[in-house]
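Student: Mapped onto our numbering, the consecutive letters of the sequence shown carry residue numbers 2 to 466.
Derived by calculation from the structure, the hints in this document are not laboratory data.
The structure displayed is predicted, hence computed values, not measured ones.
Careful: at least some of the hints might be erroneous.
[Stated by the list, open to error] Heads up, simulated DSS-like pairs for lysine-lysine below, C-alpha to C-alpha not over 27 Å straight-line:
#1 K426 to K437
#2 K252 to K281
#3 K366 to K465
#4 K465 to K426
#5 K281 to K247
#6 K311 to K401
#7 K410 to K426
#8 K453 to K401
#9 K437 to K401
#10 K426 to K311
#11 K247 to K260
#12 K260 to K401
#13 K401 to K366
#14 K453 to K426
#15 K366 to K410
#16 K311 to K453
#17 K260 to K281
#18 K260 to K462
#19 K366 to K462
#20 K441 to K453
#21 K441 to K426
#22 K426 to K401
#23 K426 to K455
#24 K453 to K465
#25 K401 to K247
#26 K366 to K426
#27 K426 to K462
#28 K453 to K410
#29 K311 to K260
[Stated by the list, open to error] Estimated spans, in silico, between C-beta atoms of each pair:
#30 E103 to K455: 52 to 62 Å
#31 G344 to Q21: 45 to 55 Å
#32 E324 to Q229: 16 to 26 Å
#33 D407 to S127: 50 to 60 Å
#34 I466 to S28: 29 to 39 Å
#35 G442 to T396: 30 to 40 Å
Note that beta-carbon positions come from the ideal geometry of N, C-alpha and C, so glycine has one too.
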Amino acid sequence: MNRISIFLVIIFSCTALIGQVTFIISSLPESTPSEDIIYLAGDLNSWNPGNPDFALEKNTDELWFITLPGQPDGSQIEFKFTRGDWGTVEKGANGEEIANREFTFGNGDTVYVEILTWADTGGSGSSTAAENVFIIDENFYIPQLDRTRRIWIYLPPDYDNSNEHYPVLYMHDGQNLFDAFTSYLGEWEIDETLNELAEDGYQVPIVVGIDNGGEERMNEYNPWVNPQYGGGQGDEYIDFLVFNLKPYIDKNYRTLSGKENTGIMGSSMGGLISQYGALKFQDVFSKSGIFSPAYWTADSIWAFTNETGKQQNMKLFQLIGGEEGSGAIDDMWAMHNVFTDLGFSENELFSIEVENGQHNEAFWKEQFADAYLWMYTSFANDINEIIRSVEMEITPNPAKNYITLDSNKFGNNDSLEIIDMRGRKIMNLNIGDNGKVDVKGLNPGSYILIIKTKERTYYGKFIKI
Numbered sequence: 002m003n004r005i006s007i008f009l010v011i012i013f014s015c016t017a018l019i020g021q022v023t024f025i026i027s028s029l030p031e032s033t034p035s036e037d038i039i040y041l042a043g044d045l046n047s048w049n050p051g052n053p054d055f056a057l058e059k060n061t062d063e064l065w066f067i068t069l070p071g072q073p074d075g076s077q078i079e080f081k082f083t084r085g086d087w088g089t090v091e092k093g094a095n096g097e098e099i100a101n102r103e104f105t106f107g108n109g110d111t112v113y114v115e116i117l118t119w120a121d122t123g124g125s126g127s128s129t130a131a132e133n134v135f136i137i138d139e140n141f142y143i144p145q146l147d148r149t150r151r152i153w154i155y156l157p158p159d160y161d162n163s164n165e166h167y168p169v170l171y172m173h174d175g176q177n178l179f180d181a182f183t184s185y186l187g188e189w190e191i192d193e194t195l196n197e198l199a200e201d202g203y204q205v206p207i208v209v210g211i212d213n214g215g216e217e218r219m220n221e222y223n224p225w226v227n228p229q230y231g232g233g234q235g236d237e238y239i240d241f242l243v244f245n246l247k248p249y250i251d252k253n254y255r256t257l258s259g260k261e262n263t264g265i266m267g268s269s270m271g272g273l274i275s276q277y278g279a280l281k282f283q284d285v286f287s288k289s290g291i292f293s294p295a296y297w298t299a300d301s302i303w304a305f306t307n308e309t310g311k312q313q314n315m316k317l318f319q320l321i322g323g324e325e326g327s328g329a330i331d332d333m334w335a336m337h338n339v340f341t342d343l344g345f346s347e348n349e350l351f352s353i354e355v356e357n358g359q360h361n362e363a364f365w366k367e368q369f370a371d372a373y374l375w376m377y378t379s380f381a382n383d384i385n386e387i388i389r390s391v392e393m394e395i396t397p398n399p400a401k402n403y404i405t406l407d408s409n410k411f412g413n414n415d416s417l418e419i420i421d422m423r424g425r426k427i428m429n430l431n432i433g434d435n436g437k438v439d440v441k442g443l444n445p446g447s448y449i450l451i452i453k454t455k456e457r458t459y460y461g462k463f464i465k466i
């Protein structure tokens, strides 16, 4: 075989492995504005709802279509269609949230798509937000960016029937926190989760949700410019939260306004800005929920973290899913090591990798309660008095395989019960020689130990990693 033949074989072999797809929208809602452009938003473009490179065009039959760049056969993508922002994302026939569309690349595919309705123009769907969720303002002004934003607030179930003051948790991507009707990738069910915790006897906070800026999301949630994805407006966004939104909330609602009662939480890019905001304003925030952080979009986050350092005591909760990719997983553990080197203690830092966890709202929803209970333990826990009067020393804490108790107090005949942070019994364990207890069978999370001796009952708390 001559060189040209070999070259052609290689070329055709390679191209055969690259698949393209053309999506053609065969049916649109009658309410679709004729002047609007339709976009594809998905993991191919970091879920940008108005990326001009993913705008659809009309073919000779006046049908909207888009041909995506070739990908290796077998590559999978998730996506949805919008009309330029997440307020116009496609929905189900009754206005309900729908699952992400999925596609696996094969060579030369054409896929016809039906869009049933849009978030802003139709459907008989209704809000799923609880009665104690309210819109503060549809157009709250952000002077630092000269934009407006919808602001949500969750009030504890007993808010109107008490004179109590409450901690506050500030969260990003407000569209996805409380209401399936406004969400575009699924709802966190923050309101349902906290209401259930309240029914179980836990104290719950005020939660303030800030809508993302749609096509400005990547810009606002990244303090530094990423040449591919944008950014550079994170300082302005966090300054708005600290200097404008928080004072408004503290003035108009019964809050515990000090740093020890103020937290910030988000996922993906929201995780990035939550880490940044908490470290930048350690005199404002003492807690940060950093879910699936997009550290990969901001190389400068490493230098910033090291240069800023630990200035005050904090509680930092990092979460990553086992199916989010090795790069994201490695980044989270690398940041864990940075935090440790900066002096954050094992009681201030909790990082967890959850097997089978994916980069989506369903995963974050499942993990929210545990994160909240760890971050706000001294306020939330319905056995606060027990926790504050602990007489049981547990080492190491957090622990992976074994913990050790004071063998002078406890022995093999004492009963050891494990309950979770919602007060549910998990299992009984045996106390071994020298106070050693095997905890390998526990899932990662926070737990309460109850040991009953002949003289009294002891309580302790530990974290399983």
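Student: It remains to establish, for every hint, whether it holds in the given structure.
Tutor: Hints and how they fare:
At most 27 Å may separate the alpha-carbon atoms for a hinted pair to count; K426 and K437 meet this at roughly 21 Å. Restraint check for K252 and K281: satisfied, since their Cα atoms lie roughly 23 Å apart, inside the 27 Å limit. Simply put, K366 and K465 have alpha-carbon atoms about 20 Å apart, close enough for the 27 Å limit, and the pair holds. Distance check on the hinted pair: K465 and K426 sit about 16 Å apart at the alpha-carbon level, within 27 Å; holds.
At roughly 15 Å between alpha-carbon atoms, K281 and K247 fall within 27 Å of each other, so this suggested pair holds. For the hint pairing K311 with K401, the CA-to-CA distance comes to about 26 Å; that is within 27 Å, so the pair holds. Using a Cα cut-off of 27 Å, the hinted pair K410 and K426 holds, with the two alpha carbons roughly 23 Å apart. With a C-alpha separation of about 24 Å, the suggested pair K453 and K401 falls inside the 27 Å cut-off, and the hint holds.
Taking the CA atoms of K437 and K401, the gap is near 13 Å; set against the 27 Å cutoff, the hint holds. A distance of roughly 37 Å separates the Cα atoms of K426 and K311; the hinted pair therefore is violated under the 27 Å criterion. For a cut-off of 27 Å, the pair hint linking K247 to K260 stands: about 11 Å separates their Cα positions. Between K260 and K401 the alpha-carbon distance is near 31 Å, which puts this suggested pair outside the 27 Å criterion.
Simply put, K401 and K366 have alpha-carbon atoms about 24 Å apart, close enough for the 27 Å limit, and the pair holds. The hinted pair formed by K453 and K426 meets the criterion: a straight-line CA distance of about 15 Å does not exceed 27 Å. At roughly 40 Å between alpha-carbon atoms, K366 and K410 are farther apart than 27 Å, so this suggested pair is violated. With a C-alpha separation of about 39 Å, the suggested pair K311 and K453 falls outside the 27 Å cut-off, and the hint is violated.
Proposed proximity of K260 and K281 is supported: the alpha carbons are some 13 Å apart, at most 27 Å. At roughly 24 Å between alpha-carbon atoms, K260 and K462 fall within 27 Å of each other, so this suggested pair holds. Of the pairs offered as hints, the one joining K366 and K462 holds, with about 24 Å between alpha carbons and a cut-off of 27 Å not exceeded. Note on K441 and K453: the hinted pairing holds, with a Cα-Cα distance of about 22 Å set against a maximum of 27 Å.
Straight-line distance between C-alpha atoms of K441 and K426 comes to about 17 Å, which keeps the hinted pair within the 27 Å bound. Of the pairs offered as hints, the one joining K426 and K401 holds, with about 20 Å between alpha carbons and a cut-off of 27 Å not exceeded. Taking the CA atoms of K426 and K455, the gap is near 21 Å; set against the 27 Å cutoff, the hint holds. At roughly 21 Å between alpha-carbon atoms, K453 and K465 fall within 27 Å of each other, so this suggested pair holds.
A distance of roughly 38 Å separates the Cα atoms of K401 and K247; the hinted pair therefore is violated under the 27 Å criterion. With a C-alpha separation of about 22 Å, the suggested pair K366 and K426 falls inside the 27 Å cut-off, and the hint holds. Between K426 and K462, the direct Cα distance comes to roughly 14 Å. Compliance with the 27 Å bound is thereby established for this hinted pair. For the suggested pair K453 and K410, the alpha carbons sit about 11 Å apart, so the restraint of at most 27 Å is met.
Taking the CA atoms of K311 and K260, the gap is about 15 Å. The hint holds against a cut of 27 Å. The given range of 52 to 62 Å is respected by E103 and K455, whose C-beta atoms sit roughly 60 Å from each other. G344 and Q21 have their C-beta atoms about 52 Å apart, which keeps the hinted 45 to 55 Å range intact. Between E324 and Q229 the Cβ separation comes to about 23 Å, which falls inside the hinted range of 16 to 26 Å.
Evaluation of the 50 to 60 Å hint for D407 and S127 yields a pass: the beta carbon distance comes to about 56 Å. Checking the proposed 29 to 39 Å range against I466 and S28 shows it is violated: the Cβ atoms sit about 50 Å from each other. At roughly 19 Å, the beta-carbon separation of G442 and T396 lies outside the given 30 to 40 Å, and the hint is violated.
In the structure shown, a violation is registered for the earlier hints numbered 10, 12, 15, 16, 25, 34 and 35, in ascending order.
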